[in-house]
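**Student:** Residue strings, one per chain:
Protein chains: 4
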Amino acid sequence: MPDLLRKGRLAPAAKDAVKFTSSALDDVKILKQIVDINKAHMLMLAEKDIVNREAAQKILKALFDTNSKIKLSPEIDDAHMAVEEQVVKAVGAEVGGNLNLAKSRNDQVSTAIRMKLRQELLCLVETLNELQKTLIQQAEQHLKTIVPGYTHLQPAQPITLAHYLVAQFDALQRSLERLEETYERVNRCPMGAGALATTSFTISRERVAELLGFSMVLENSLDAVSTRDYLLEMLADLSILAADVTRFVEDLILWSTADFGVLELPDEYAFTSSIMPQKKNPDMLEVIRARMSLVSGNYIACATTIMALPSGYNMDFQELTPKLWTSFDTSIGCLAMLSKVVAKIKVKSNHADKPVWSFMAATELANMLVRNHNIPFRTAHKIVGALVKALIDEGKTLKDATPALLSDVSKETLDQPLKVNKEEVAAATNLLNVVESHKVKGGPSPAEVARMLGKRKKEMDASKGWVSQKKNGLTKAEEMLESSVRVVLGLK
Amino acid sequence: MPDLLRKGRLAPAAKDAVKFTSSALDDVKILKQIVDINKAHMLMLAEKDIVNREAAQKILKALFDTNSKIKLSPEIDDAHMAVEEQVVKAVGAEVGGNLNLAKSRNDQVSTAIRMKLRQELLCLVETLNELQKTLIQQAEQHLKTIVPGYTHLQPAQPITLAHYLVAQFDALQRSLERLEETYERVNRCPMGAGALATTSFTISRERVAELLGFSMVLENSLDAVSTRDYLLEMLADLSILAADVTRFVEDLILWSTADFGVLELPDEYAFTSSIMPQKKNPDMLEVIRARMSLVSGNYIACATTIMALPSGYNMDFQELTPKLWTSFDTSIGCLAMLSKVVAKIKVKSNHADKPVWSFMAATELANMLVRNHNIPFRTAHKIVGALVKALIDEGKTLKDATPALLSDVSKETLDQPLKVNKEEVAAATNLLNVVESHKVKGGPSPAEVARMLGKRKKEMDASKGWVSQKKNGLTKAEEMLESSVRVVLGLK
Amino acid sequence: MPDLLRKGRLAPAAKDAVKFTSSALDDVKILKQIVDINKAHMLMLAEKDIVNREAAQKILKALFDTNSKIKLSPEIDDAHMAVEEQVVKAVGAEVGGNLNLAKSRNDQVSTAIRMKLRQELLCLVETLNELQKTLIQQAEQHLKTIVPGYTHLQPAQPITLAHYLVAQFDALQRSLERLEETYERVNRCPMGAGALATTSFTISRERVAELLGFSMVLENSLDAVSTRDYLLEMLADLSILAADVTRFVEDLILWSTADFGVLELPDEYAFTSSIMPQKKNPDMLEVIRARMSLVSGNYIACATTIMALPSGYNMDFQELTPKLWTSFDTSIGCLAMLSKVVAKIKVKSNHADKPVWSFMAATELANMLVRNHNIPFRTAHKIVGALVKALIDEGKTLKDATPALLSDVSKETLDQPLKVNKEEVAAATNLLNVVESHKVKGGPSPAEVARMLGKRKKEMDASKGWVSQKKNGLTKAEEMLESSVRVVLGLK
Amino acid sequence: MPDLLRKGRLAPAAKDAVKFTSSALDDVKILKQIVDINKAHMLMLAEKDIVNREAAQKILKALFDTNSKIKLSPEIDDAHMAVEEQVVKAVGAEVGGNLNLAKSRNDQVSTAIRMKLRQELLCLVETLNELQKTLIQQAEQHLKTIVPGYTHLQPAQPITLAHYLVAQFDALQRSLERLEETYERVNRCPMGAGALATTSFTISRERVAELLGFSMVLENSLDAVSTRDYLLEMLADLSILAADVTRFVEDLILWSTADFGVLELPDEYAFTSSIMPQKKNPDMLEVIRARMSLVSGNYIACATTIMALPSGYNMDFQELTPKLWTSFDTSIGCLAMLSKVVAKIKVKSNHADKPVWSFMAATELANMLVRNHNIPFRTAHKIVGALVKALIDEGKTLKDATPALLSDVSKETLDQPLKVNKEEVAAATNLLNVVESHKVKGGPSPAEVARMLGKRKKEMDASKGWVSQKKNGLTKAEEMLESSVRVVLGLK
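Chains as they are written, first to last, in my numbering: chain A, 499 to 990; chain B, 499 to 990; chain C, 499 to 990; chain D, 499 to 990.
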């Protein structure tokens with residue numbers, strides 16, 4: 499770079515200064531994108547007769563040949579200068595000196611990041627889809643498998659594993675919605691904004707945008723190089739996703755503890771201790787929990803950096819992009835691993851008999867009193883509450899509830915007896931019964947959950963379709979760019 | 499509350515315990531919403547014959563009368579219990595005891611928050627619109643007012659104040675896009691999810707959703723009570739908006755310093771010092787900068803709290819909502835104030851003559867060499883760089899550039915003379931000229947900015963239309979609820 | 499304020515501008531401190547003959563009378579101006595106009611915050627001490643009460659509740675260390691730094707510092723008004739404390755779930771559900787968890803605001819202090835409530851017999867093989883691991899381990915039999931035995947924990963002593979200030 | 499690892515599971531520490547006759563030979579298992595199987611991190627010292643170099659560059675205080691805590707602590723393996739330091755803008771633009787600003803992860819340590835680079851004549867009125883305020899102030915004339931005069947700053963002394979460990 503940019507205004511830069519500020523090693527992520535942008539820009543300059551055809555041909559050929567040869571090292575500023583250096587080496591300074599005409603690193607870098615971001619985002623959507631598929635497959639096996647629904651981490655009401663997994667599906671689905679919306683804001687093209695004020699050459703920003711697969715030009719040129727809100731939005735999406743995923747993983751960790759005993763982790767995805775031979779630890783889930791929470795930290799780290807930066811390009815921006823790629827790598831890696839673990843999770847065979855869970859039928863017992871015996875709900879709530887207390891005090895469970903006990907408790911609490919028959923009590927305290935009676939829209943009854951699963955499969959298909967469509971669009975743009983360049987080069 | 503919920507299962511709560519956990523004082527924000535939900539739910543129970551018409555009438559009447567009478571104090575749990583207590587007081591325990599049938603505080607509180615959030619969000623959109631309007635009005639006055647475009651906080655290329663303000667408009671516009679998308683995810687109805695598993699009563703969740711103005715039911719019942727991602731998404735929107743606003747404000751602060759001297763703040767929105775009589779401080783802008791950055795802190799505070807919480811309702815949720823309302827109050831307050839300040843900002847009369855700004859024409863001087871003299875851009879860049887250095891070393895500015903000097907520098911740097919005429923240099927170094935020549939799409943030329951302003955006025959109209967449509971929808975739902983209740987009450 | 503500061507340089511401020519930026523309502527927290535600073539400063543000016551004795555007397559008298567009369571409202575800038583206004587009203591502009599001589603709001607506000615902070619910090623230390631006392635009292639009751647020591651949330655090795663509570667004590671003790679160190683950095687006096695450059699009057703900064711109870715002058719005057727790192731340090735201390743407290747509370751929540759069943763919360767500090775009569779929810783603990791995590795959010799919110807602010811006073815600072823007071827109020831409130839809950843927690847009577855906990859003796863069983871049978875530890879680890887697996891597969895627990903089974907497993911895994919007698923197995927698998935054998939320094943054996951408790955009582959005494967000493971110092975300074983003022987006023 | 503830990507309890511782990519959770523690649527940072535811990539532990543076991551001398555000799559020899567041979571790859575769990583595997587390979591399973599006797603990865607990893615942390619912390623202190631030295635050297639050159647003291651980014655009162663740099667020194671000095679205090683809390687030894695409950699073998703934790711250079715044993719064994727507050731404290735120190743450093747850097751960026759024009763960056767540490775030849779951008783400073791702010795983000799990322807984790811070891815901890823090392827690398831790198839830049843910064847030759855800065859004498863002009871003309875300060879403040887306004891309105895500066903103008907303004911504002919002579923005005927408006935008159939403790943007068951510099955040199959010496967003492971202590975411990983091992987091995 500010193501050679502290319504320095505000779506005029508400034509004395510040579512200190513080597514440690516270049517090394518310190520260089521983004522070259524991080525730029526490997528966007529090198530292909532930078533070369534493509536240079537191609538598209540030069541093609542447009544030639545089409546608009548801003549650079550003459552012959553010079554353009556030479557440069558385009560050099561760009562065509564260049565990809566594999568570029569070496570990024572911290573001795574150069576960044577990938578932008580590396581590409582320019584490579585081209586100048588190939589075609590000489592006279593011709594190559596126009597590579598950067600009517601553009602700047604400021605518009606180029608934001609364009610390159612957006613192009614890479616499109617790919618990462620589509621990859622994340624596919625990984626989320628895969629996880630959703632696993633959730634559905636497990637759910638289909640467990641339409642009638644009772645698990646506790648917890649509130650405040652206390653067993654509250656019985657649901658099924660299928661019902662639980664659909665809830666997780668739906669949280670991921672909202673992340674997919676957000677990601678698709680963000681994609682539209684990412685997919686806008688800053689090229690041609692130059693340093694910040696466009697250029698006095700009569701370039702076509704629309705043409706460059708089209709050749710690079712963007713849906714539109716990011717219009718105002720100061721905004722185009724200055725904004726990083728797309729990056730914050732992207733990280734916010736990942737942060738919200740992270741919050742939902744850590745909640746799911748927290749459940750899995752808790753449910754696979756010896757004390758909760760709801761789930762059994764697969765041996766191959768669990769670890770033991772170097773000292774305690776009985777341990778079966780959920781290391782992977784803990785690692786996922788921690789990594790996803792660190793992704794969330796990246797949002798605030800980047801927001802802090804961007805906050806109150808003056809308009810225009812500031813070098814601080816450069817430090818943000820590595821956080822972005824790391825956040826994607828982590829999220830995609832964790833979600834893929836989570837799919838594998840979830841696919842092999844088993845429900846403990848005898849779990850549904852756990853005594854403390856019997857009390858989850860209490861609400862239904864109260865509902866039954868309302869429905870069959872015309873007792874106001876708040877009164878029924880109190881009677882059943884007192885019954886629960888009586889049973890716990892005697893070390894019993896709700897399975898030990900009898901019509902007689904219910905009547906006694908009612909008399910004591912509310913000064914009135916209660917005539918309930920045995921069958922009523924049995925029906926209301928059978929957990930599977932309870933689940934099956936909850937067939938309201940969105941409820942845990944097997945039929946309703948089966949209906950929901952069908953609907954969600956269609957949502958998954960829609961997501962897949964969306965990804966395909968976007969990928970096709972990008973492929974077509976890439977083909978247009980290559981073929982247009984080939985035309986200029988006379989190669990076809 | 500002790501009376502309503504305690505008698506059965508638990509001994510009375512300690513008074514300090516109730517006071518400590520009570521959300522009653524914060525609930526004042528959602529009291530109206532809670533009463534409306536109770537109305538809609540009871541109406542549906544009556545329509546579905548789950549509660550008999552007579553009892554429903556009594557309860558609905560009590561709810562109708564209740565609004566003004568409810569007093570929230572930290573001696574009660576929350577607004578939910580306060581409403582129930584009030585109804586029971588009015589109609590007796592026998593009838594009022596069914597108010598909470600087939601619903602729970604868990605679905606009710608999330609529904610109420612979403613209803614309030616719709617209002618806050620619409621109000622924020624209106625405030626943003628107002629600020630955008632101010633930006634456009636100021637821009638129209640300053641299509642030809644030169645201001646420096648900065649990168650790295652160094653004067654880079656000349657733009658106009660109008661061009662700058664359009665960039666700010668566009669950043670806000672993306673926030674509006676995000677807010678409208680978030681609205682759709684907020685506007686989904688959890689009611690009927692109960693504690694987490696719906697209910698065994700055959701309620702209609704769709705009917706309640708319709709009566710409360712929601713666009714759809716939030717289906718899976720565990721998800722419905724458990725998710726708080728809508729809250730995180732909302733705060734993320736505010737946080738991204740905050741980042742953009744603080745950047746705008748930072749520019750205003752810098753540009754109104756004595757040293758930058760671009761803008762003049764209105765006296766009535768500036769402050770002086772208690773000790774230094776010469777000071778004219780941008781206190782308001784600093785306060786906006788700080789408050790908006792604190793809003794961003796609320797995102798991470800809430801994300802930290804939600805991260806890794808188990809599924810189902812957890813009491814931690816209660817602590818999040820006050821942060822949400824505070825964030826809205828702050829954002830709306832700051833944006834409204836910013837509108838007022840921006841409306842009165844003046845450009846310093848003599849600003850464009852500032853010597854250090856003359857160099858902003860350097861790029862255009864290089865472009866001219868490329869265009870008129872067929873010099874490769876990178877070479878032109880070096881020549882002009884050396885020219886700048888020579889001028890600075892002699893304490894001169896780019897206005898002092900002459901054809902002779904340019905030729906000397908060219909000879910020295912590149913060993914070749916350069917024949918440029920006086921008019922070329924004059925044209926290329928006149929800042930207004932430069933701006934007018936940058937007429938590419940999105941560029942700062944007055945004509946292009948005027949075109950952009952026209953387009954943005956239409957975007958503003960679209961936003962306003964969107965708000966109206968949503969408000970109308972909510973009003974209609976409210977009318978439907980009131981009239982349906984009146985029908986049941988025989989009032990009409 | 500307009501009257502006091504405006505007439506010269508600026509036109510009147512807009513009313514909404516004053517209201518928007520006013521800190522008056524928040525300043526109620528530091529009003530007394532501001533008055534005291536004014537007293538000390540004026541006293542010093544009189545002692546140094548910078549203001550004549552007569553004028554100083556009038557002003558001091560006015561300050562003496564002023565406290566109760568000052569009304570803070572958002573119509574004035576802040577408490578500094580309110581005090582000045584009040585004094586001017588009492589003694590006239592001629593005399594009162596010197597109240598602000600040789601000082602500024604910039605040094606005054608930071609001094610006042612530091613003075614208030616000293617009080618808050620001492621109050622927090624006392625609250626922490628109270629919680630530590632509760633931990634020790636509970637620990638003394640539970641030297642032999644077995645609870646599971648968890649790693650990865652899986653039962654790992656048996657400890658006692660006393661041992662667990664000492665661990666919590668020690669975490670709090672480190673917070674106390676940090677708080678005491680922070681106190682020393684808070685307790686430095688900025689007064690006399692003026693706006694940022696001291697003054698040309700020959701004031702004595704040492705005298706003012708002494709009268710206000712500071713241990714030293716914060717020397718460099720730019721640093722004195724500019725730094726807010728003391729505020730960040732304070733919030734960091736609270737944030738680290740919050741992390742430790744949330745971990746403690748998380749354990750309590752988990753341990754009091756129906757599934758873990760280790761602890762029983764007191765009825766008066768637990769809540770039930772509005773719909774599920776069986777619930778006994780740890781609402782208070784969840785609220786503490788959430789609030790403490792929000793305190794942690796305040797650190798990052800303030801750090802974000804301070805980050806990259808230019809040197810000197812910036813109005814942004816004003817927005818930080820309310821976060822500081824809120825953080826203290828929340829922390830002190832939560833810790834006080836936690837003390838009450840912890841004091842009443844009970845251990846479930848039958849908990850130690852829980853089958854899944856029996857395996858916690860596995861490490862000791864392996865240790866026994868090493869110690870008595872000269873088997874390498876890694877080999878013993880494998881044998882016991884296989885034993886555990888065999889028992890679990892048969893639905894048994896470690897209590898069902900027999901010498902025969904151990905020998906079988908050993909043969910199968912390592913192809914060698916093992917001669918262990920019944921007593922050895924019984925001793926190694928009795929949890930209380932295991933605990934008693936862990937008598938290494940810091941271990942859970944009752945004797946060792948008793949020793950630790952003794953040591954910690956002394957640490958508590960030292961903390962209390964430290965608080966007393968600091969309080970005495972502050973009281974003495976206050977007395978010196980009052981008596982010196984009285985001398986000047988001729989009152990004594 | 500599968501071979502070492504798996505055979506008993508669990509089926510083999512999936513390869514991708516091991517790779518996903520492996521910390522081996524990160525562990526390279528603490529490999530030496532882990533080997534040293536194993537040496538110290540085995541030595542103690544031999545000294546206490548828990549392992550027989552012969553076996554201990556073999557193991558110690560293997561550990562002695564092992565360092566260079568250990569290869570860390572993601573196919574193994576972590577460095578702990580890699581060391582054990584290497585030893586077993588060298589001495590066989592019979593003997594090597596006791597390497598892990600009476601210890602665990604849980605105590606070992608926290609011990610290793612603390613040992614590494616000691617080194618990093620000392621290195622950071624040295625880097626801070628170097629920066630302080632640079633500040634002092636620059637300050638000594640600029641005792642009389644006027645720079646503006648800003649508040650609200652408006653020129654407020656004149657100070658000198660030396661005075662400014664001392665303020666920066668003092669902020670760093672407080673970081674040094676914090677770091678030294680944190681060192682004491684880091685330097686406590688968890689070894690012997692085992693998995694969480696110590697061991698039934700009669701080990702000496704004190705001996706291991708001594709051999710590893712710790713100042714004390716971290717007593718309670720659950721606390722010892724469970725706490726990560728030392729890590730949060732460390733990151734909080736770095737975060738507060740980061741805040742102070744970004745504020746310094748922000749000043750440098752602003753002061754070297756063309757508009758402020760206070761400072762000139764050295765060419766070799768500045769960069770130009772790829773398109774705008776006139777640019778001289780402070781890229782390095784911007785990079786430092788961004789990186790330091792990202793360090794601050796690491797605090798909250800880690801705090802979020804730790805918040806509400808249950809007690810005992812959780813795998814989440816593993817994900818935190820890389821953040822810690824990154825934070826140190828970044829901080830040390832940025833501070834070292836900042837030293838280099840600061841050492842070469844120049845003050846712009848003509849800067850002090852900048853017209854807008856003349857007004858910085860306004861406070862002193864008011865003070866003069868108070869001192870020489872017995873005008874109350876608040877009145878003087880108003881007169882000078884009006885004078886400033888009059889001058890600005892006419893496009894003049896404070897240098898244009900005359901006795902006549904002052905009298906006119908006074909008459910107009912306060913209805914009273916004012917007799918000031920020319921010399922008084924000249925003296926009060928000469929910036930160097932003003933600075934020299936501010937000789938109060940901590941003020942900018944050259945004499946006072948020279949005094950402060952002398953004092954700060956002594957503080958620097960004290961810091962250096964502290965580092966030496968700590969380093970000596972660690973070296974001695976290392977020698978004791980090596981020589982004790984050699985004794986057991988009969989090597990000396």
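Wrong hints could be hidden among the right ones.
Which copy is meant is left open, because identical chains are indistinguishable; a pair holds if it fits in one copy or across any two.
What the hints assert, rightly or not - In the DSSO-like style, the derived pairs of lysine-lysine whose C-alpha atoms are separated by at most 30 Å in a straight line are:
1) K887 x K974
2) K897 x K527
3) K894 x K530
4) K846 x K953
5) K887 x K587
6) K587 x K842
7) K527 x K937
8) K631 x K846
9) K530 x K846
10) K546 x K642
Calculated from the structure, these hints are not laboratory results.
If you're wondering where the values come from, they're calculated on a predicted model, not measured in any experiment.
**Student:** Against each hint, give a clear statement of whether it holds in the structure.
**Tutor:** Each hint tested on the structure:
no.	hint	in the structure
1	K887 x K974	neither (69 Å within a copy, 47 Å between copies)
2	K897 x K527	neither (61 Å within a copy, 43 Å between copies)
3	K894 x K530	neither (69 Å within a copy, 43 Å between copies)
4	K846 x K953	within (29 Å within a copy, 46 Å between copies)
5	K887 x K587	between (85 Å within a copy, 27 Å between copies)
6	K587 x K842	neither (56 Å within a copy, 35 Å between copies)
7	K527 x K937	neither (51 Å within a copy, 33 Å between copies)
8	K631 x K846	within (23 Å within a copy, 43 Å between copies)
9	K530 x K846	neither (50 Å within a copy, 43 Å between copies)
10	K546 x K642	between (67 Å within a copy, 28 Å between copies)
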